[in-house]
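**Q** Okay, here's what each chain looks like letter by letter:
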Amino acid sequence: MNNASEYIVNFARGTRSLLVGMRATLRVFFRAKTTERYPENRATLTMFDRFRGELVMLHDEQNYHRCTACGICEMNCPNGTLRVTSEWVVDEAGKKKKSLVEYQYDLGSCLFCQLCVRTCAQQALGFLPTFEHAVFTRGKLIHKLNREGSSLAPKPVAESHTV
Amino acid sequence: MFDFSVITRWVDQLLRGVMPDAAATVVECVIIGLCLLLGYSVIALALIYAERKVCAWFQCRLGPNRVGPLGLLQSVADMVKMLIKEIIEIRHVDRFLFGLAPYIVIVASVGAFACLPFARGLQVLDFNVGIFFLVAVSSIGVVGILLAGWASNNKYSLIGAMRSGAQMISYELSIGLSILTMVVLSGTLQITELVEGQADGWLLFKGHVPAAIAFVIYLVAGTAETNRGPFDLPEADSELTAGYHTEYSGMHFGFFYLAEYLNLFIVAGVATTLFLGGWMPLHVPGWEGFNEVMDYIPSIFWFFGKAGVMIFVIMWFKWTFPRLRIDQLLRLEWKYLLPVNLLNLLLMVIVVVYKLHF
Numbered sequence: 480m481n482n483a484s485e486y487i488v489n490f491a492r493g494t495r496s497l498l499v500g501m502r503a504t505l506r507v508f509f510r511a512k513t514t515e516r517y518p519e520n521r522a523t524l525t526m527f528d529r530f531r532g533e534l535v536m537l538h539d540e541q542n543y544h545r546c547t548a549c550g551i552c553e554m555n556c557p558n559g560t561l562r563v564t565s566e567w568v569v570d571e572a573g574k575k576k577k578s579l580v581e582y583q584y585d586l587g588s589c590l591f592c593q594l595c596v597r598t599c600a601q602q603a604l605g606f607l608p609t610f611e612h613a614v615f616t617r618g619k620l621i622h623k624l625n626r627e628g629s630s631l632a633p634k635p636v637a638e639s640h641t642v
Numbered sequence: 000m001f002d003f004s005v006i007t008r009w010v011d012q013l014l015r016g017v018m019p020d021a022a023a024t025v026v027e028c029v030i031i032g033l034c035l036l037l038g039y040s041v042i043a044l045a046l047i048y049a050e051r052k053v054c055a056w057f058q059c060r061l062g063p064n065r066v067g068p069l070g071l072l073q074s075v076a077d078m079v080k081m082l083i084k085e086i087i088e089i090r091h092v093d094r095f096l097f098g099l100a101p102y103i104v105i106v107a108s109v110g111a112f113a114c115l116p117f118a119r120g121l122q123v124l125d126f127n128v129g130i131f132f133l134v135a136v137s138s139i140g141v142v143g144i145l146l147a148g149w150a151s152n153n154k155y156s157l158i159g160a161m162r163s164g165a166q167m168i169s170y171e172l173s174i175g176l177s178i179l180t181m182v183v184l185s186g187t188l189q190i191t192e193l194v195e196g197q198a199d200g201w202l203l204f205k206g207h208v209p210a211a212i213a214f215v216i217y218l219v220a221g222t223a224e225t226n227r228g229p230f231d232l233p234e235a236d237s238e239l240t241a242g243y244h245t246e247y248s249g250m251h252f253g254f255f256y257l258a259e260y261l262n263l264f265i266v267a268g269v270a271t272t273l274f275l276g277g278w279m280p281l282h283v284p285g286w287e288g289f290n291e292v293m294d295y296i297p298s299i300f301w302f303f304g305k306a307g308v309m310i311f312v313i314m315w316f317k318w319t320f321p322r323l324r325i326d327q328l329l330r331l332e333w334k335y336l337l338p339v340n341l342l343n344l345l346l347m348v349i350v351v352v353y354k355l356h357f
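Protein chains in written order, with this note's numbering: chain A, 480 to 642; chain B, 0 to 357.
In short, the hints are calculated from the structure, not lab data. Mixed in with the good hints, there may be bad ones.
Lysine-lysine pairs mimicking DSBU-like chemistry, simulated, CA-CA at most 35 Å apart [what the hints assert, rightly or not]: (1) B:Lys154 <-> B:Lys334; (2) A:Lys512 <-> B:Lys334; (3) A:Lys576 <-> A:Lys623; (4) A:Lys512 <-> B:Lys154; (5) A:Lys512 <-> B:Lys52; (6) A:Lys623 <-> A:Lys575; (7) B:Lys52 <-> B:Lys154; (8) A:Lys577 <-> A:Lys512; (9) A:Lys623 <-> A:Lys634.
Generate the whole structure from the sequences, applying the supplied hints.
**A** This is how it looks when you write it as structure tokens:
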């Protein structure tokens, strides 16, 4: 008797669990699909915020950046992706100061580890969520991050920084 | 409702008018064979596309959408690829049986396909033991699968084929018994009569409880019979790479692939014929206007529509349930389906004898 009732209970339980599973899959069947149709939706495609596409130096409207050319990023980079070229300039007060000449970034050897961004004392760097980086020669992967004619922001740093 | 036998009779008379009877018969046979094979491959292509789309939707994806509008030409492109692929000659196989196996599988499936009543007057094979013939001819396929596994000289293939044999022979019982249950209700083995008998109500509704049980059992056993998930352990790719067709390539593999999908259609078609009224339109007693509107829909659409619903349900099974182990598979058949089926047959006999059906 015990066996027989167990048989029937098992049968009912099994059938029920199968039906629950079928209900779950049917719900997914009618759910909106998550697939991105990439080349077609290029105009509207937005990457998520934390996506690290390429390193950029942040510049504000007056073409000021915040890089003091201290070289911490360069020292922290595990791959030698960054090269900071600086020169010594004498300011009005007669003090010698380092000034950024060129900030070179090799996208081809970047790990996207974000160590440069994290360790930058001036928060001068950031990542953009772009991803279409394919080029035909390696040379094109080497970017100059400081914009033409940009300079270090004067002491009270402007609040709003645009990329 | 449009009767397709008008067309076939017209073709028949046309041919007999221009040539002797014997020659006309031969020509008709060739035409029918060509039509069957054409329908066979077109349905297989449509099913492959449908399977990929349905599978994708069940996994929250879009499925094929690059080749042609909505990816409609995807399976055509696949077919072209399959046709131009090399058939690789494998050493140490039993050449003759290795080559023969895919043809046995495809012949069995075309034979069963020819029995289906597609529309009023559109049926190739129809005689007094039609449904019995269908069951018999569709089981020849297992011989092809066993041969393929044996002739491949490969452990995986052999294990897959043996599993397939055990599975098909077990589930043949369930299929046979559930078909028998419905034959008891309708009182005929001839497929046209089976369909004609459902003009006043589909057998699923006429036979109420026992018919519904037989329907569920038929669906489960039919899924197992076509070697589809969750019963696809003969080709369980994680354990056996591809089971019995591991060593096949090119169009030989294509035949197994085609037959697999067509068997799905055949199972759905037989379910339609036996339980859902074949090509009969849906009639609700008392709703005259509704019934008349339903009559305007051509019978071929009724058949393919119902078969399509059944195919969707079987695909739904496949993409929901995990694969069974071989002992679970056999336990399901011998400990659950078979006893339920035998009791159900008894119940149906009681229902028919005491006229409890509608």
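**Q** Against each hint, give a clear statement of whether it holds in the structure.
**A** Structure-based check of all given hints:
1. B:Lys154 <-> B:Lys334: 29 Å, holds
2. A:Lys512 <-> B:Lys334: 40 Å, violated
3. A:Lys576 <-> A:Lys623: Holds - the C-alpha atoms of Lys623 of chain A and Lys576 of chain A are around 22 Å apart, at most 35 Å.
4. A:Lys512 <-> B:Lys154: 41 Å, violated
5. A:Lys512 <-> B:Lys52: Distance of about 12 Å is within 35 Å: holds.
6. A:Lys623 <-> A:Lys575: 25 Å, holds
7. B:Lys52 <-> B:Lys154: OK: Lys52 of chain B and Lys154 of chain B at ~33 Å, within 35 Å.
8. A:Lys577 <-> A:Lys512: 54 Å, violated
9. A:Lys623 <-> A:Lys634: 24 Å, holds
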